[in-house]
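2 protein chains.
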Amino acid sequence: MKESKLFLKTSKEKPKEADNISAEFLIRAGYIDKLAAGVYTFLPLGLRVLRKIENIIRKELDKIGGEEILMPVLHPKVLWEESGRWEKIDPPLFKLKDRHNREYGLGSTHEEVISDLVRKRVDSYKGLPFVLYQIQNKFRNEMRSTGGLLRTREFLMKDAYSFHADKKDLESYYEEMTKTYHQIFNKMGLNVIQVEASSGTIGGKVSHEFMVLSETGEDNIVVCECGFGSNEEVTIGDKNCPKCQGIIKKDKAIEVGHTFQLGDKYSKVMKVVYRDKEGKEKFVQMGCYGIGLGRAMATVVEVHHDDKGIIWPESVSPYLIHLIHLSGDKKKADEIYEKLSQKYDVLYDDRDISAGEKLAEADLIGIAKRVVVSEKTIKENKVELKLRSEKEAKLISLDKI
Amino acid sequence: MKESKLFLKTSKEKPKEADNISAEFLIRAGYIDKLAAGVYTFLPLGLRVLRKIENIIRKELDKIGGEEILMPVLHPKVLWEESGRWEKIDPPLFKLKDRHNREYGLGSTHEEVISDLVRKRVDSYKGLPFVLYQIQNKFRNEMRSTGGLLRTREFLMKDAYSFHADKKDLESYYEEMTKTYHQIFNKMGLNVIQVEASSGTIGGKVSHEFMVLSETGEDNIVVCECGFGSNEEVTIGDKNCPKCQGIIKKDKAIEVGHTFQLGDKYSKVMKVVYRDKEGKEKFVQMGCYGIGLGRAMATVVEVHHDDKGIIWPESVSPYLIHLIHLSGDKKKADEIYEKLSQKYDVLYDDRDISAGEKLAEADLIGIAKRVVVSEKTIKENKVELKLRSEKEAKLISLDKI
Numbered sequence: 001m002k003e004s005k006l007f008l009k010t011s012k013e014k015p016k017e018a019d020n021i022s023a024e025f026l027i028r029a030g031y032i033d034k035l036a037a038g039v040y041t042f043l044p045l046g047l048r049v050l051r052k053i054e055n056i057i058r059k060e061l062d063k064i065g066g067e068e069i070l071m072p073v074l075h076p077k078v079l080w081e082e083s084g085r086w087e088k089i090d091p092p093l094f095k096l097k098d099r100h101n102r103e104y105g106l107g108s109t110h111e112e113v114i115s116d117l118v119r120k121r122v123d124s125y126k127g128l129p130f131v132l133y134q135i136q137n138k139f140r141n142e143m144r145s146t147g148g149l150l151r152t153r154e155f156l157m158k159d160a161y162s163f164h165a166d167k168k169d170l171e172s173y174y175e176e177m178t179k180t181y182h183q184i185f186n187k188m189g190l191n192v193i194q195v196e197a198s199s200g201t202i203g204g205k206v207s208h209e210f211m212v213l214s215e216t217g218e219d220n221i222v223v224c225e226c227g228f229g230s231n232e233e234v235t236i237g238d239k240n241c242p243k244c245q246g247i248i249k250k251d252k253a254i255e256v257g258h259t260f261q262l263g264d265k266y267s268k269v270m271k272v273v274y275r276d277k278e279g280k281e282k283f284v285q286m287g288c289y290g291i292g293l294g295r296a297m298a299t300v301v302e303v304h305h306d307d308k309g310i311i312w313p314e315s316v317s318p319y320l321i322h323l324i325h326l327s328g329d330k331k332k333a334d335e336i337y338e339k340l341s342q343k344y345d346v347l348y349d350d351r352d353i354s355a356g357e358k359l360a361e362a363d364l365i366g367i368a369k370r371v372v373v374s375e376k377t378i379k380e381n382k383v384e385l386k387l388r389s390e391k392e393a394k395l396i397s398l399d400k401i
Numbered sequence: 001m002k003e004s005k006l007f008l009k010t011s012k013e014k015p016k017e018a019d020n021i022s023a024e025f026l027i028r029a030g031y032i033d034k035l036a037a038g039v040y041t042f043l044p045l046g047l048r049v050l051r052k053i054e055n056i057i058r059k060e061l062d063k064i065g066g067e068e069i070l071m072p073v074l075h076p077k078v079l080w081e082e083s084g085r086w087e088k089i090d091p092p093l094f095k096l097k098d099r100h101n102r103e104y105g106l107g108s109t110h111e112e113v114i115s116d117l118v119r120k121r122v123d124s125y126k127g128l129p130f131v132l133y134q135i136q137n138k139f140r141n142e143m144r145s146t147g148g149l150l151r152t153r154e155f156l157m158k159d160a161y162s163f164h165a166d167k168k169d170l171e172s173y174y175e176e177m178t179k180t181y182h183q184i185f186n187k188m189g190l191n192v193i194q195v196e197a198s199s200g201t202i203g204g205k206v207s208h209e210f211m212v213l214s215e216t217g218e219d220n221i222v223v224c225e226c227g228f229g230s231n232e233e234v235t236i237g238d239k240n241c242p243k244c245q246g247i248i249k250k251d252k253a254i255e256v257g258h259t260f261q262l263g264d265k266y267s268k269v270m271k272v273v274y275r276d277k278e279g280k281e282k283f284v285q286m287g288c289y290g291i292g293l294g295r296a297m298a299t300v301v302e303v304h305h306d307d308k309g310i311i312w313p314e315s316v317s318p319y320l321i322h323l324i325h326l327s328g329d330k331k332k333a334d335e336i337y338e339k340l341s342q343k344y345d346v347l348y349d350d351r352d353i354s355a356g357e358k359l360a361e362a363d364l365i366g367i368a369k370r371v372v373v374s375e376k377t378i379k380e381n382k383v384e385l386k387l388r389s390e391k392e393a394k395l396i397s398l399d400k401i
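Residue numbers (the numbering used here), protein chains in the order written: chain S, 1 to 401; chain X, 1 to 401.
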């Protein structure tokens with residue numbers, strides 16, 4: 001992509017709404033644009049990062065048997081009355097009426113909709129277990145949102161739901177899913193701590209959050225050297241580790257994922273049943289597993305940046321290479337662009353602006369690898385390669401890239 | 001994908017809500033599931049078709065300079081008041097309030113949001129022209145919806161918006177986009193007729209619809225041998241072609257795409273301006289271009305089916321190959337599956353049900369190519385290949401597939 005064609009406008013000023021570093025950089029670098037409080041547009045660069053995160057998640061979920069579907073945003077009130085959550089869920093649903101005066105909520109989570117889908121389609125133990133997931137817009141009527149993507153009112157979420165004949169099968173799949181969660185976050189460049197969590201208005205007895213340590217985090221977690229970890233909500237008041245009585249450490253963290261063993265919470269009230277080998281009717285055991293994509297993206301920025309801008313890990317960098325023509329014959333840079341872009345995702349800064357502006361903007365945008373073409377490098381038949389995460393650049397010959 | 005693992009339940013019965021053939025087959029064959037009137041879940045097979053349609057559209061739009069973004073579903077009332085459409089748009093918006101009593105509409109189209117985005121980011125003629133598009137949920141508070149995906153209240157839409165310095169540039173890009181539209185629909189297996197259309201509450205003077213002839217269509221078009229075509233809304237009452245005075249023919253059709261030369265309709269009221277070479281402030285000229293993805297999918301079914309089920313064109317078939325083990329050594333079929341699935345998208349019917357059921361279901365689902373493994377074919381070291389669109393199968397040797 002030639003930067004002269006890219007719909008991009010960066011800014012040197014910190015935006016008013018940016019109360020955290022990821023908001024500041026994502027807005028300034030032209031990844032997102034604010035439409036309303038907690039409601040953002042993903043611009044071309046931002047959408048590319050989002051798609052890379054999506055694809056990391058898809059690939060890992062497909063490996064453990066996930067099947068992708070797409071459920072609606074409009075949820076009929078009647079379904080949420082069945083589960084008893086129409087009034088109870090926190091934060092509350094956005095609610096609206098259609099022209100026939102029928103009421104709907106905008107989906108903030110999809111347990112009701114998927115329970116309805118599954119009860120219509122599963123009848124025997126032979127159809128179990130299975131796992132369905134979607135990447136879909138979610139809406140939460142939050143009282144307040146942060147600047148940027150950490151707490152929004154409209155956001156893309158991956159939500160997976162697993163269905164099992166018994167608790168044991170749910171538990172063993174839950175283990176597998178939590179392992180997959182570690183892999184997903186690792187691949188995005190996030191070190192996560194898995195902690196015991198409250199299941200809130202989603203429900204179930206066993207629940208874990210996947211936390212990334214960060215001063216920006218709105219959650220407080222307690223961790224112990226013995227491996228125990230929990231959200232402070234769960235171990236409130238404790239000074240010693242409930243597992244080994246050791247001294248616990250408190251930290252601020254961002255929740256990037258949440259998993260729940262729902263058990264029969266929904267299947268009981270919504271009658272999601274199957275017949276076992278003996279023909280006996282039983283409740284399906286459910287698990288559910290969420291990752292907010294925008295929040296994951298913002299969290300990557302919270303932990304991967306310096307004072308000049310974002311430092312994207314390769315796996316989620318909007319482009320792999322930022323090719324910059326600084327000086328000298330532009331035709332040479334054009335040639336390198338043609339060559340490189342046959343093999344890699346390349347953003348090519350072909351604009352007629354100053355070298356200083358180009359380099360400062362490249363640091364702000366934070367693409368993983370920077371390749372600079374200048375009078376000097378052309379003379380030597382080389383280019384200058386610099387990783388955004390490193391300070392030193394090195395000259396490499398053209399045939400080596 | 002092994003069919004024994006696929007979340008799929010087909011049905012032999014015509015569903016109550018199916019008032020058209022695509023609704024009947026898409027529901028019976030397990031592509032979609034109805035949640036509420038005009039609100040559907042895409043099941044695994046259905047989502048695969050949707051993604052193929054998405055990718056055809058993306059590829060063609062990227063060729064003519066389209067840049068993908070993702071705009072929100074929640075639109076602040078204040079923006080729609082600027083354009084004057086908050087009360088006027090037809091069908092009306094779904095409206096709701098947040099906890100702070102601020103009003104929002106669910107986006108049914110995104111002219112207001114994109115005009116706001118562009119006015120914040122474009123100031124000079126140097127930044128023009130450009131084209132942004134998204135594939136995003138849309139919501140229309142329709143009085144009535146059809147069964148299936150032809151007229152829904154929540155649906156995925158590709159909407160593109162182009163921005164130009166003057167009318168001439170808009171007109172020439174509009175030409176390019178309409179050519180691209182023909183290519184997009186051709187690639188999906190749809191023959192479209194481009195007709196003059198009313199621009200309704202979207203606006204602008206020049207507007208075209210892309211129509212597929214079908215008895216199920218809710219639109220009436222008039223076409224003439226001279227090449228003239230229009231929606232009946234536009235040429236109402238005419239008996240002779242307004243272009244050549246020839247006799248016109250009336251037909252029922254489904255609208256699968258709609259393009260508009262908006263001109264300065266939105267840029268005037270929302271002040272989307274740029275400075276030209278002389279530094280003079282001018283209004284940006286806009287075009288907008290929509291394709292409903294679910295409706296396109298249903299239209300493919302309306303024109304490609306027989307009495308047994310769907311006949312997907314290869315380009316949008318959920319899988320390219322439906323491998324079916326009918327009889328004989330299952331290990332042989334497993335081997336063929338392993339081999340084929342390294343190169344192609346394969347759905348493998350490995351289930352332990354009768355041959356008749358398998359073949360009937362395969363016809364209903366309608367995957368483009370069917371490969372059958374049976375006792376007979378194994379003996380000859382061959383498989384039976386049959387295109388869903390053809391009657392005759394042929395035996396081919398294993399190394400040839």
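There may be inaccurate statements among the hints.
Where chains are identical, the list cannot tell them apart; a pair therefore holds if satisfied intra-copy or between any two copies.
To be verified - DSS-like mimics (lysine-lysine), calculated; alpha carbons at most 30 Å apart, straight line:
| no. | residue 1 | residue 2 |
| --- | --- | --- |
| 1 | 330 | 126 |
| 2 | 95 | 331 |
| 3 | 379 | 34 |
| 4 | 187 | 2 |
| 5 | 97 | 239 |
| 6 | 2 | 179 |
| 7 | 9 | 277 |
| 8 | 386 | 167 |
| 9 | 250 | 2 |
| 10 | 97 | 16 |
| 11 | 386 | 282 |
| 12 | 12 | 386 |
| 13 | 2 | 12 |
| 14 | 9 | 126 |
| 15 | 394 | 120 |
| 16 | 14 | 126 |
| 17 | 120 | 138 |
| 18 | 187 | 250 |
| 19 | 16 | 282 |
| 20 | 2 | 280 |
| 21 | 271 | 9 |
| 22 | 358 | 400 |
| 23 | 63 | 332 |
| 24 | 138 | 34 |
| 25 | 243 | 2 |
Calculated directly from the structure, the hints in this document are not laboratory data.
Each hint tested on the structure:
no.	hint	verdict
1	330 / 126	between (65 Å within a copy, 20 Å between copies)
2	95 / 331	neither (57 Å within a copy, 54 Å between copies)
3	379 / 34	neither (45 Å within a copy, 65 Å between copies)
4	187 / 2	both (28 Å within a copy, 28 Å between copies)
5	97 / 239	neither (49 Å within a copy, 43 Å between copies)
6	2 / 179	between (40 Å within a copy, 24 Å between copies)
7	9 / 277	between (62 Å within a copy, 20 Å between copies)
8	386 / 167	neither (52 Å within a copy, 44 Å between copies)
9	250 / 2	neither (47 Å within a copy, 47 Å between copies)
10	97 / 16	between (35 Å within a copy, 25 Å between copies)
11	386 / 282	neither (60 Å within a copy, 42 Å between copies)
12	12 / 386	within (23 Å within a copy, 62 Å between copies)
13	2 / 12	within (22 Å within a copy, 53 Å between copies)
14	9 / 126	between (55 Å within a copy, 13 Å between copies)
15	394 / 120	neither (61 Å within a copy, 39 Å between copies)
16	14 / 126	between (57 Å within a copy, 25 Å between copies)
17	120 / 138	both (24 Å within a copy, 27 Å between copies)
18	187 / 250	within (26 Å within a copy, 57 Å between copies)
19	16 / 282	between (55 Å within a copy, 29 Å between copies)
20	2 / 280	between (64 Å within a copy, 28 Å between copies)
21	271 / 9	between (53 Å within a copy, 19 Å between copies)
22	358 / 400	within (24 Å within a copy, 54 Å between copies)
23	63 / 332	between (43 Å within a copy, 24 Å between copies)
24	138 / 34	both (17 Å within a copy, 19 Å between copies)
25	243 / 2	neither (56 Å within a copy, 44 Å between copies)
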